[in-house]
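Chemist: Fit chain B to the supplied structure of chain A, relying on the hints for placement.
Just so you know, the sequences run in chain order A and B.
Those letters in the first sequence? Residues 7 to 468, per my numbering, in order.
Those letters in the second sequence? Residues 720 to 912, per my numbering, in order.
Calculated from the structure, these hints are not laboratory results.
Only a predicted model underlies this, so the values are computations on that prediction, with no experimental measurement involved.
Just so you know, even glycine gets a beta-carbon here, dropped at the ideal spot from N, CA and C.
A portion of the hints provided could be inaccurate.
[As the list claims (entries may be wrong)] Some but not every residue of chain B turned toward chain A, in silico, with C-beta under 8 Å:
#1 Lys-831
#2 Arg-836
#3 Thr-837
#4 Leu-861
#5 Tyr-866
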Amino acid sequence: MVKKVTLFYSLLTVAVVALAGIWANELFLEPEKQTFLVGETSHGHHQIELACGTCHQSPFGGGEVLQDACMGCHAKELKAAHDSHPKSKFTDPRNADRLEQIDARYCVACHREHQPDITRDMGVTLATDFCVACHLDIAEDRPSHEGMGFDTCASAGCHNFHDNRALYEDFLLQHVDEPDMAATPVIAAMQAYVNAQQPAPKQAPAPDYPEASFQVTEIEKQWLHSAHATEDSNCSACHGEGEQFKAQPDALVCVDCHQPQAAGFLIGKHGMRLAVKREAAESYPLNPSLKALMQPDARLLTPMTPAQGRLPFKADVHGESLTCNSCHGAHEYSLGTSASVDACMGCHDDGHTNQYKASPHYAQVLREAAGEVPAGSGVTCATCHMPKVESEEEPGVFHTLHNQNDNLRPNEKMVRSVCLDCHGLQFALDSLADPALIDNNFQGRSKVSIESIQMAIERVKE
Amino acid sequence: MKATKLWGSLALAGAVALTAGCGGEEKAAGVDPQIMADSLFAVMASDRANYTKLIIKRLGGEAGFIKPDEHWEDLDNGAPLPAQMFRFGAEAVAERTDAFTYSLQSLWPINKQNAPRTDVEKTGLQYIVDNPGKNYYGEEELGGVKYYTAVYPDVAVATPCVDCHNKHKDSPRTDFKIGDTMGGVVVRIPIKG
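With the rest of the complex left out, here is chain A (with noise of 0.2 Å):
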């Protein structure tokens, strides 16, 4: 009997620590922690929620500890955005009895994680009336908000809470009685980009790839008629020369040369997996050092896969790893239509996506390309959600926007950035508020009609 008892509590002993261990091993040496998951992440966050160091980047930290990295992240687009509530107006004391309702002065009041069964669009877990918390009494300084219900003010095309750019009463003043679409609609942006373009390079320098190393014909034509046929973008830089050349250049080989796309890219929920260190404080864009991401060791995470998106993929691309080659090819380095549809649509299995080739705007596209229209009229996929945007350090000077969710949610963000350049405020913010219409790739007209314009107008009769 006792010898029996003994052996139940050996074995029970060695089973704990053998637990333990796996337990710890996955905790302090595992890249991923499925074990430690508490619940989902949202949609934004579900890339890298096995990284916890990601956010959690102390196990003792608080609230400030996960502010700083929401806003390590974060906080370089809600000041693009002009955010309409920034920390700064609720750390006023006189605020104090609005703190006990809503903290706002932390982005988790708002947007807790790991809430799978509470979290809504845009990553929010609060009840969709809180703006009644500081704007109870709206109705006597708004009549035209008498009766309206507070689960109503995030409606499409009314408010948003961090980015209003597009919505604000002076902005929807002067866009009144605008017509649906401009005399001669183009992207300012793309053709800015387009005609900023180089010339292809006269006379190509003899490739420096080394003899015998592979077949190389095909892969030197295609260089030879690519924007990287130039004595600085030659074959070994990219793969490197003598013993450091690599017939597989690293994943993010690209970044040297094209830190502006690559840093949109390592944003958005295409390229964020890459930008996670090992040492997490280090992750991009917490720390903005691009080129220490170059280096695969000091990477946690493999790439992104179509397999791991929450959205509808095509089955056989499931298990693809999603780099910079995945859209622009290694060797044709492809820019128009194949990196801005063709790529896309080469992934993407969704209602809006799989319209898309029916829609107006990809006749736009095939109508420029026959050169009825002028260049910039097309509207591509990225047209819309990896726009041309204009440098910051260097005016004048576009690039692709490579961050796919920059201008997406809400979507009224694309309305300046994209929309307006050849519609009228109202047809945009109407067809933006129409989620069939969006669905079918905007066949046809909006059945919804949004008021704000209106009641900015109604307003200044007051």
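Modeler: Chain B only, in chain A's frame:
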């Protein structure tokens, strides 16, 4: 030798701690909150008047070099309004220290969030309107912290002040004149209970 170093280090640390402690006590006891608030307001009011007169009035308006506007970020050569400039200063200070806070409020605010909220704010703003040239001082407890709260008159010092407030579609009062008390600067200093 090691023991000597250890005792020496402890003695030095103790002396530093005592000195720091004494210095801290002296500072806490030595600054009268009213003098501190009055001094802070003197800086705020001077900067605010200078920005209004030397920048907004001189370079904006008919001169047209800059465009003072609530939505200045959307304009070429846009410039923040004096009230916004004041708020930006308050927000930048709040990021640096919690030793004091300040804000611009009014009984007739263009943005309703700038109406008085606490009892001291309401009393103080009414007092400075009813008693031109005088300040209001009080104490209040907010969020479990006791504050010395001072309210100073914010007087219209230049035509852009009254023009903007009188013409703005959201302004509840449209008959301001130069010299009127348009609102108040509220300065708060946390004090021990």
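Chemist: For each hint, tell me whether it holds in the structure or not.
Modeler: Status of the hints after comparison with the structure:
| no. | hint | in the structure |
| --- | --- | --- |
| 1 | Lys-831 | holds (5 Å) |
| 2 | Arg-836 | holds (5 Å) |
| 3 | Thr-837 | holds (6 Å) |
| 4 | Leu-861 | holds (4 Å) |
| 5 | Tyr-866 | holds (6 Å) |
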